[in-house]
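S.K.: Residue strings, one per chain:
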Amino acid sequence: MPNKTPSQQGVFKRFFHAIAEFLREIVWSIRNNLRNFFGKLYDKLFDKGLWNYTRPVRRFALDLFARIQGPRPDFSPTNDRQSQLAARLGELRSTQYVKPTNEIGFFASIRKFIDRLLTLAPSDYFNGWIRAGLALLLLPVHLLGLVFKIICIWAYIPYENILKSIQVIFDKWVLSVVVALQLLFSFGGEKVKGALVYAVRSVAGAVVMIPFLLFITNYRKVFAFSRPYFYIAPALIMLSIFTFYPIFNTIFMSFLEGYSFLAGTANGIGLGNYIAVLNDPVFYQALKNTLLVAFISVPIAVVVALLIAVALNSIKFFQGFIQTVFFLPYVTNVIAIGLVFTVMFNSRVSPDGLPYGIINNIIGIFGIEPIKWVSLGATYATAVTTLIIYTVWSALAFKIMVFLSGIQGIDKQYYQAAKVDATPKWRVLLRVTVPLLSPMIAYVTITSFIGGFKSYAAIVALFGDRMGPAGQSNMMITVVGYIFNAWTNLGTPGELSKAAAGSVILLIIILIFTAVELQISKKRVHY
Amino acid sequence: MENQVITPSTPVNEKRHSLWVDQLSVIASQVLIYAFLLFMATIVILPFYWMILTALKSTAELDLIPPSYFITQGIEWSSLAQAFPDWNLGAWIGSVGIPQNFVDAMNAANFGAYFKNSLLVGALTTIGTLVTTILTAYAFARLEFKGRDTIFMLLLATMMVPGEMMIITNYVTVAKLGWLNSYQALILPFMVSTFYIFFLRNTIKQVPVELYKAAKVDGFSDFQFMTRIVVPIVRPTLITITILGLLGAWNAYVWPNLVTNDDLLRLVTNGLKTAFTSSQGRVAQNLQMAAATFVTLPILVVFLTLKKYIVRGVSRSGIKG
Chain A
1 MPNKTPSQQG VFKRFFHAIA EFLREIVWSI RNNLRNFFGK LYDKLFDKGL WNYTRPVRRF
61 ALDLFARIQG PRPDFSPTND RQSQLAARLG ELRSTQYVKP TNEIGFFASI RKFIDRLLTL
121 APSDYFNGWI RAGLALLLLP VHLLGLVFKI ICIWAYIPYE NILKSIQVIF DKWVLSVVVA
181 LQLLFSFGGE KVKGALVYAV RSVAGAVVMI PFLLFITNYR KVFAFSRPYF YIAPALIMLS
241 IFTFYPIFNT IFMSFLEGYS FLAGTANGIG LGNYIAVLND PVFYQALKNT LLVAFISVPI
301 AVVVALLIAV ALNSIKFFQG FIQTVFFLPY VTNVIAIGLV FTVMFNSRVS PDGLPYGIIN
361 NIIGIFGIEP IKWVSLGATY ATAVTTLIIY TVWSALAFKI MVFLSGIQGI DKQYYQAAKV
421 DATPKWRVLL RVTVPLLSPM IAYVTITSFI GGFKSYAAIV ALFGDRMGPA GQSNMMITVV
481 GYIFNAWTNL GTPGELSKAA AGSVILLIII LIFTAVELQI SKKRVHY
Chain B
528 MENQVITPST PVNEKRHSLW VDQLSVIASQ VLIYAFLLFM ATIVILPFYW MILTALKSTA
588 ELDLIPPSYF ITQGIEWSSL AQAFPDWNLG AWIGSVGIPQ NFVDAMNAAN FGAYFKNSLL
648 VGALTTIGTL VTTILTAYAF ARLEFKGRDT IFMLLLATMM VPGEMMIITN YVTVAKLGWL
708 NSYQALILPF MVSTFYIFFL RNTIKQVPVE LYKAAKVDGF SDFQFMTRIV VPIVRPTLIT
768 ITILGLLGAW NAYVWPNLVT NDDLLRLVTN GLKTAFTSSQ GRVAQNLQMA AATFVTLPIL
828 VVFLTLKKYI VRGVSRSGIK G
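As you go down the protein sequences, you meet chains A and B in turn. For the first sequence, this note's numbering begins at 1 and goes up steadily by one. For the second sequence, this note's numbering begins at 528 and goes up steadily by one.
These aren't lab readings, by the way, just hints derived from the structure by calculation. For each residue, glycine too, the CB sits at the ideal point set by N, CA and C. Some hints could be false.
Stated by the list, open to error - Computed, partial: chain A to chain B, Cβ under 10 angstroms:
hint, residue
1, ILE26
2, TYR231
3, LEU262
4, VAL331
5, THR332
6, PRO355
7, ILE358
8, PHE403
9, VAL460
10, ILE483
Produce the entire structure from the sequences given, and follow the hints as far as they go.
M.R.: Pasting the structure below:
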């Protein structure tokens with residue numbers, strides 16, 4: 001015996017040691033897992049954001065649960081049998097039994113808890129989430145109790161008092177369940193039905209809660225996944241209502257024939273509106289005016305603005321002040337300045353032929369007779385001239401701003417090099433400034449042409465709603481003006497569709513023109 | 528020899544000017560440039576000058592031939608209390624003198640209401656634009672998400688489409704919603720601006736990425752980074768957007784003209800157009816100009832005080848087609 005090494009000692013003893021070790025391992029891993037789980041749950045429950053940010057979701061979910069669960073039916077006992085049963089139940093609940101010496105407190109509390117669950121509807125003393133949770137927990141708790149018992153019997157070698165106590169508990173349980181069921185069914189058909197429906201609805205409501213619970217406990221992940229979309233959502237919603245949808249809808253509308261937007265009716269789909277627009281002499285007048293104004297005023301404005309910007313850059317004194325003067329027209333109100341121009345280009349003359357307007361007075365210095373610019377009796381040439389002067393005047397500021405900042409961004413080395421070579425100034429302008437400024441020039445030209453194609457407010461400001469001098473309506477109409485003419489007789493079916501067709505044609509013109517211009521600037525612009 | 532200075536060597540055969548000939552040519556060119564600039568500046572400033580001058584002229588002076596280029600016959604004065612009879616101004620403010628023409632122009636149309644409407648619509652539009660623009664521009668500039676570049680290209684593409692296409696359908700939408708003659712019709716369609724989103728995105732892109740990473744290390748969320756770091760840095764651009772938004776609302780004409788015809792809902796530009804253009808019968812020129820002056824003066828004052836921001840915004844990427 002003393003010769004035996006520990007490893008050879010009692011095979012069975014070592015075997016049981018190993019099993020005990022193994023079991024302890026399992027118990028500890030369960031314990032650790034539980035601690036881990038409850039720890040995380042605890043963290044989640046006390047996460048400030050969980051309660052703050054998910055409040056609306058929780059409110060909504062609870063409201064939903066209450067709706068699904070419905071009102072609680074009346075459970076109150078009504079007759080003798082019920083009061084007898086209730087008394088029996090109370091008796092059972094207060095039954096004394098031998099308290100096991102090593103009963104685990106946790107089981108006891110669960111047992112008491114189940115006792116209460118059996119005798120009272122959970123909604124009697126709980127609300128909200130606990131109610132929802134209990135409805136779901138009810139069934140598993142019963143099963144768990146049974147499993148606990150089996151485990152207890154299996155795990156503990158039958159000590160007498162424990163067996164006895166389990167016997168008592170079991171008796172009490174079974175009896176309690178039986179009596180409670182009797183009590184329940186003694187309420188009579190309606191009440192039982194109501195109770196069962198209530199139970200089913202509670203469980204259903206609890207099941208519906210599951211996705212909400214998942215959302216609430218994982219709200220961080222949910223928000224983290226979709227957060228960028230929340231940032232762009234407000235803008236995208238507004239844009240889809242007021243920008244994306246209108247583009248498609250207007251194109252669609254332009255193919256609807258006899259469309260009346262008030263009634264929402266149309267005769268059919270076809271090219272009728274386009275044919276009507278392209279056969280309309282007013283539209284050709286509009287197209288002619290638009291292209292004329294754009295192709296004359298934009299080049300003039302670009303060249304003049306370029307010269308002014310270069311000149312502004314090369315002076316030292318009063319530079320800031322003169323700059324401000326040139327920038328002033330940028331912010332002006334198109335209608336207000338239009339009024340000023342009509343006053344300045346006033347063509348009223350006194351009975352002896354002397355003009356009131358300042359422009360007619362100024363040209364009078366050079367011996368030119370007073371001209372009827374925009375009023376009654378104006379010719380196409382004078383009206384276009386006034387419009388172009390007005391357009392150039394109001395477009396200058398923007399172009400000067402862009403060009404000036406472009407010139408100031410040019411590397412001084414080029415000018416120093418030109419100075420060393422004694423290059424003449426006009427040559428510096430054409431060979432250094434313009435090429436280096438070409439991206440800006442291209443940009444300004446494209447945007448100005450697009451703006452020119454869309455000119456409308458300037459016409460209204462100078463000529464009023466009739467878009468022409470008195471007695472010559474629509475002489476100065478533009479494409480956009482043609483579109484807005486639809487509003488003068490909006491009630492006529494098809495009028496708005498014609499406007500839509502006009503706007504689609506305008507879009508096509510702009511797209512073609514921009515594409516051409518981009519092609520040209522690809523070759524000419526030095527980036 | 529690393530610090531060797533390269534001095535331009537004078538060629539032997541270089542034509543030598545005397546100093547005063549050089550100076551003379553410089554002065555001559557400067558004089559020419561100044562003359563050109565002054566001439567152009569006169570043309571640019573003339574409408575403004577003529578507007579204010581005519582607004583101050585009395586009816587008698589208006590009929591002079593040739594027109595007087597300065598006020599020669601004095602200005603008729605009145606008081607603020609008469610310009611705003613409904614506003615119940617205090618005795619002191621009410622007695623501030625303003626030219627009689629302005630009072631008459633003010634009383635010829637409901638300008639008090641127009642001013643209020645324009646300010647209200649401008650303020651709400653601008654606030655909405657700022658909120659949507661900051662959020663969207665920040666998301667496009669800094670956040671990574673699926674479809675970002677596609678959506679951004681889509682936004683840029685809409686800038687090409689003429690606004691009239693949207694106006695046609697938007698009018699139908701607004702009419703169907705029963706919003707004609709209402710504030711929401713004036714405000715809601717302009718709560719988002721693709722251009723400002725583009726503009727602000729480019730500004731935010733210039734904020735160094737290191738700042739973003741540092742803030743992340745410090746435990747900032749994206750939203751916190753946006754509100755606490757990006758917004759203060761891009762504040763000048765936001766100011767530019769605010770000013771341009773307010774000016775845009777002040778100068779808005781086409782859309783308000785379509786969706787409102789109630790005099791109480793008119794904005795200043797429409798009010799000016801409705802009450803003072805010749806289509807409404809003959810209006811005295813000095814009253815016309817007085818009305819134009821008080822539509823124009825506020826924006827001129829804003830422009831002169833905040834010129835820095837406006838010019839910055841415009842010359843950075845260009846606004847107004």
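S.K.: A separate judgement is required for each hint: does it hold in the structure or not?
M.R.: Here's how the hints hold up against the structure:
1. Using the Cβ-Cβ criterion of 10 angstroms, the hint placing ILE26 (chain A) at the interface with chain B is not satisfied: the shortest such distance is roughly 40 angstroms.
2. Evaluation of the TYR231 (chain A) hint against chain B yields a held restraint, the C-beta minimum of about 4 angstroms falling below 10 angstroms.
3. Given the 10 angstroms rule on beta carbons, the hint for LEU262 (chain A) holds: about 8 angstroms separates it from the nearest Cβ of chain B.
4. Taking 10 angstroms as the C-beta cut-off, the interface hint given for VAL331 (chain A) holds, the closest approach to chain B being about 5 angstroms.
5. A distance limit of 10 angstroms between C-beta atoms decides the matter here; for THR332 (chain A) the minimum to chain B is near 6 angstroms, and the interface restraint holds.
6. Nearest Cβ of chain B to the Cβ of PRO355 (chain A): about 7 angstroms, under the 10 angstroms cut. The hint holds.
7. Of the supplied interface hints, the one on ILE358 (chain A) holds, with its beta-carbon coming within about 6 angstroms of a beta-carbon of chain B, less than 10 angstroms.
8. The beta carbon of PHE403 (chain A) is positioned within 10 angstroms of a beta carbon in chain B (closest approach about 9 angstroms), and the interface hint is therefore held.
9. A hinted interface residue such as VAL460 (chain A) counts as satisfied when its beta carbon comes closer than 10 angstroms to some beta carbon of chain B; here the least separation is about 7 angstroms, so the hint holds.
10. At a threshold of 10 angstroms, the smallest CB-CB gap from ILE483 (chain A) to chain B is about 5 angstroms, leaving the interface hint in force.
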